[in-house]
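Chain by chain, the residues run as shown.
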Amino acid sequence: MKWIKLGKIFDPTEFKLANNCVQFAKSPQALVFDNYVRIYFSTIETDVTGKYISHIAYVDFEKNFKKIIRISDKTVVPIGKLGCFDEHGIFPINPLRYKDQIWGYTSGWSRRVSVSVDTSIGLAISNDGGDTFQKIGDGPILTSSLQEPCLIVDAFVKVYDNMFHMWYVFGKSWKIFTPSIPPDRTYKIGHAVSKDGVNWEKEEAKQIITDKLNVYESQALPTVVKIDNRYQMFFCYRQSSDFRTNKNRGYRMGYAFSDDLNNWTRDDEQVGIDVSKSGWDSEMMCYPHVFKCDEKVYMLYNGNEFGRYGFGLAVLEQ
Amino acid sequence: MFKWKKLGRVFNPTKVTGREWLKEFAQAPATLIFENFIRVYFSCRSYPDANGQYVSYSSFVDLNRSNLFEIIDIGNKPILDLGGLGNFDEFGIYPVSVIRNENDIFAYYGGWTRCESVPFNVAIGMAKSSDNGVSFKKMGNGPVLSYTVDEPFILSEPKIRKFNGIFYLWYVAGKKWKIVNGQAKPVYKIRCASSNDGVSWKKINRDLIQTRIEEDEVQASPDVFFCNGKYHMFFCYQEKNNGYRIGYAFSEDLEYWERDDSKAGIEVYDMISYPHIFELDEKIYMFYLDNNVGQYGFGLAELVGHLE
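Residue numbers (our numbering), protein chains in the order written: chain A, 62 to 379; chain B, 3 to 310.
Since the hints were made in silico from the structure, they are not lab data.
We put the CB at the ideal spot given by N, CA and C, even for glycine.
Please note: incorrect hints may appear among the correct ones.
Far from chain B, some chain A residues (derived; all Cβ distances over 12 Å) [to be verified]:
(1) K66
(2) T136
(3) C211
(4) S337
Selected chain B positions facing chain A (in silico; Cβ < 7 Å) [said to hold, decoys possible]:
(5) E26
(6) N89
(7) C117
(8) V151
(9) E153
(10) F155
(11) N244
Dumping the calculated SDA-like pairs for lysine to any residue here, alpha-carbon to alpha-carbon at most 20 Å [what the hints assert, rightly or not]:
(12) A/K256 <-> B/K139
(13) A/K256 <-> B/R116
(14) B/K178 <-> A/R172
(15) A/K236 <-> B/R116
(16) B/K180 <-> A/R172
(17) A/K112 <-> B/R116
(18) B/K180 <-> A/L143
(19) B/K205 <-> A/L143
(20) B/K205 <-> A/F318
(21) B/K178 <-> A/P139
(22) B/K139 <-> A/L207
(23) B/K130 <-> A/L143
(24) A/K236 <-> B/L87
(25) A/K142 <-> B/G184
(26) B/K242 <-> B/K205
(27) A/K236 <-> B/G142
(28) B/K139 <-> A/T306
(29) A/K142 <-> B/F122
(30) B/K204 <-> A/G198
(31) B/K130 <-> A/R172
(32) A/K142 <-> B/G142
(33) A/K263 <-> B/K178
(34) B/K242 <-> B/S202
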């Protein structure tokens, strides 16, 4: 497998965004229309305390991914009410066409005291073609449970053979790795199934992708595509501590495949994409999203600084 | 008609010595009956920290079965450790409700975490004891009953019961956080879930008890008891700016409840809360908390008349 990089295609600092957002276009995820491709992303507002609040926005591209048609200029999904799971931001959103609607699986963030945050997965539905979404309720559809104690996040949903499949991330633990530095989290990729897309059955703390680095490898943003009758998963992974600015410990792309949606074989040798020698994606690569458009397979992803200055695109060589 | 006759205070936590984690409060009494004694689980607090914040622990006191005012033993340590860093029960285990299941005892508890925009959140955890309820082991580091679309936060005050071979868990679920005098205050209502094994739960997903006082009436600590062909629920509720009162509702099917606080059998001027009803040696009793929501312990009342 080989990906041909098409470069960075969107820089949020060049545009005016809603909700006082000025930087970051994290976790780009595509919704393909007849004549254009809408790419949702999470951008960031800095609140009065100096902390971040993520908001969902989108940009519509012509199918050559060179020309921008429009950018959302108002709230796409409102963040949560006081005390709710998504009160301090939504990052990311995974769009899914279902019947005549667009379903958005959101990851909601709320701040804690002893650790920085907790997260859960919500569902919001669009009846206007993906311009705006309404939540089905104030609470989450997937959250922590007996063996998944925290940090349920990063849903990616596909319908295969009339069954909804969700790949997502669950927290294993929080840990203070260095005494003077706040606790960091470790999380892994899990899987849940559903008949209706609303009520889910988890495999309860079953880590479906083996560790490559060590037990403190954090795995994030699974994205699955079916190519040549094989399910192919891309995700990103990193060390759990000292990953933000240390290039050697930051996010890289991982790969796994499955023929039955139950058993996955990790094989990062096949991922076909890695950091560049220099430039916008030379220090880290993260938050992959793979999609098909007009017979081609594309990967959206973020580069350095978790997407502070935008996202890029690659196309699969076939 | 029935009335509750107060028999007096049974346990005062401020008189207990040698336990740093047990300084004040004995809340949410819940009974487990043995041949010669009854074990009463309760939740207590150490003294508040420098910021005035409390951490809750749960333990038990054993009472002589033939004289419930005689204390035989007090737990030497909390029945459960607080949760690890970032877990839902890191800052408190309160309250606890227990039930026998074959040779084990299941415990359901409220696990407390601290949040930035609101002071706390709560979800329900589960633990199991194989030594008659002296110590418990958590079934996992996460909650057994947590937030869902219509129950977005504060799942607390579990009360476990088994009727007709099915486990029922009554609890409260948060509806909204209100800002009152600059402070965030939660509104919650009584709810229920059922289970065949005590681990996988199906929520009824609806407020069970009609709101009587105002839309934002807080309802708490539902305790259900079967007697004379009917299910009786005692709970407490909070009027606007007032303390807790005892409410009462009854049901024939456990699903639909009719509220009638006038039948609670408690005078309205009594500021008591957190009722726990149990049957012992052909009498029906209620443990309840004092005027300060249990800061100085809990008392016992006996049912006089017929619960029907």
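Verification of the supplied hints:
With a closest Cβ-Cβ approach of about 37 Å to chain B, A/K66 is found to remain outside the 12 Å limit, as its non-interface label requires. Every Cβ of chain B is farther than 12 Å from the Cβ of A/T136; the closest lies at roughly 19 Å, confirming the non-interface assignment. Non-interface status of A/C211 relative to chain B is broken: a Cβ of that chain comes within 12 Å, the nearest being about 5 Å off. Consistency note on A/S337: stated as away from chain B, and its beta-carbon is indeed over 12 Å from all of that chain's, at 35 Å minimum.
Using the Cβ-Cβ criterion of 7 Å, the hint placing B/E26 at the interface with chain A is not satisfied: the shortest such distance is roughly 22 Å. Checking B/N89 against chain A: minimum C-beta separation of about 5 Å stays under 7 Å; hint holds. At a threshold of 7 Å, the smallest CB-CB gap from B/C117 to chain A is about 6 Å, leaving the interface hint in force. With its C-beta approaching chain A no nearer than about 3 Å, B/V151 sits inside the 7 Å limit, and its interface hint holds.
A hinted interface residue such as B/E153 counts as satisfied when its beta carbon comes closer than 7 Å to some beta carbon of chain A; here the least separation is about 6 Å, so the hint holds. Given hint, B/F155 at the interface with chain A, holds; its Cβ is 5 Å from that chain's nearest Cβ, closer than 7 Å. Annotation: B/N244 was flagged as interfacial toward chain A, and the flag is violated, the nearest CB pair being 23 Å apart, outside 7 Å. Restraint check for A/K256 and B/K139: not satisfied, since their Cα atoms lie roughly 34 Å apart, outside the 20 Å limit.
Between the alpha carbons of A/K256 and B/R116 the distance comes to roughly 35 Å, so the proposed pair goes past 20 Å and is violated. About 17 Å separates the Cα atoms of B/K178 and A/R172, which keeps this hinted pair within 20 Å; it holds. With a C-alpha separation of about 17 Å, the suggested pairing of A/K236 with B/R116 holds against the 20 Å cut-off. For the suggested pair B/K180 and A/R172, the alpha carbons sit about 18 Å apart, so the restraint of at most 20 Å is met.
With a CA separation close to 18 Å, the supplied pair A/K112 and B/R116 stays within the 20 Å bound. For a cut-off of 20 Å, the pair hint linking B/K180 to A/L143 stands: about 8 Å separates their Cα positions. Of the supplied pair hints, the one linking B/K205 and A/L143 is violated, its CA atoms being roughly 24 Å apart against a limit of 20 Å. Distance hint between B/K205 and A/F318 is unfulfilled; the C-alpha atoms sit about 37 Å from each other, more than 20 Å.
At roughly 17 Å between alpha-carbon atoms, B/K178 and A/P139 fall within 20 Å of each other, so this suggested pair holds. Restraint check: the Cα-Cα separation between B/K139 and A/L207 comes to about 13 Å, which is no more than 20 Å; the hinted pair holds. Taking the CA atoms of B/K130 and A/L143, the gap is near 34 Å; set against the 20 Å cutoff, the hint is violated. Annotation: proposed proximity of A/K236 to B/L87 holds, straight-line Cα distance about 7 Å (limit 20 Å).
Our distance criterion of 20 Å between C-alpha atoms is met by A/K142 and B/G184, whose separation comes to about 16 Å. A hinted pair counts as satisfied when its Cα atoms are at most 20 Å apart, and B/K242 with B/K205 does not qualify at roughly 28 Å. The straight-line distance between the Cα atoms of A/K236 and B/G142 is roughly 18 Å, inside the 20 Å bound, and the hint therefore holds. The suggested pairing of B/K139 with A/T306 is violated, with an alpha-carbon distance near 40 Å, which exceeds 20 Å.
Between A/K142 and B/F122 the CA atoms are separated by roughly 15 Å; this keeps the pair inside 20 Å, and the hint holds. Restraint check for B/K204 and A/G198: the C-alpha separation of about 18 Å stays at or below 20 Å, so the hint holds. Restraint check for B/K130 and A/R172: not satisfied, since their Cα atoms lie roughly 31 Å apart, outside the 20 Å limit. The suggested pairing of A/K142 with B/G142 is violated, with an alpha-carbon distance near 29 Å, which exceeds 20 Å.
As the CA atoms of A/K263 and B/K178 are separated by approximately 28 Å, the hinted pair breaks the 20 Å bound. Between B/K242 and B/S202 the alpha-carbon distance is near 36 Å, which puts this suggested pair outside the 20 Å criterion.
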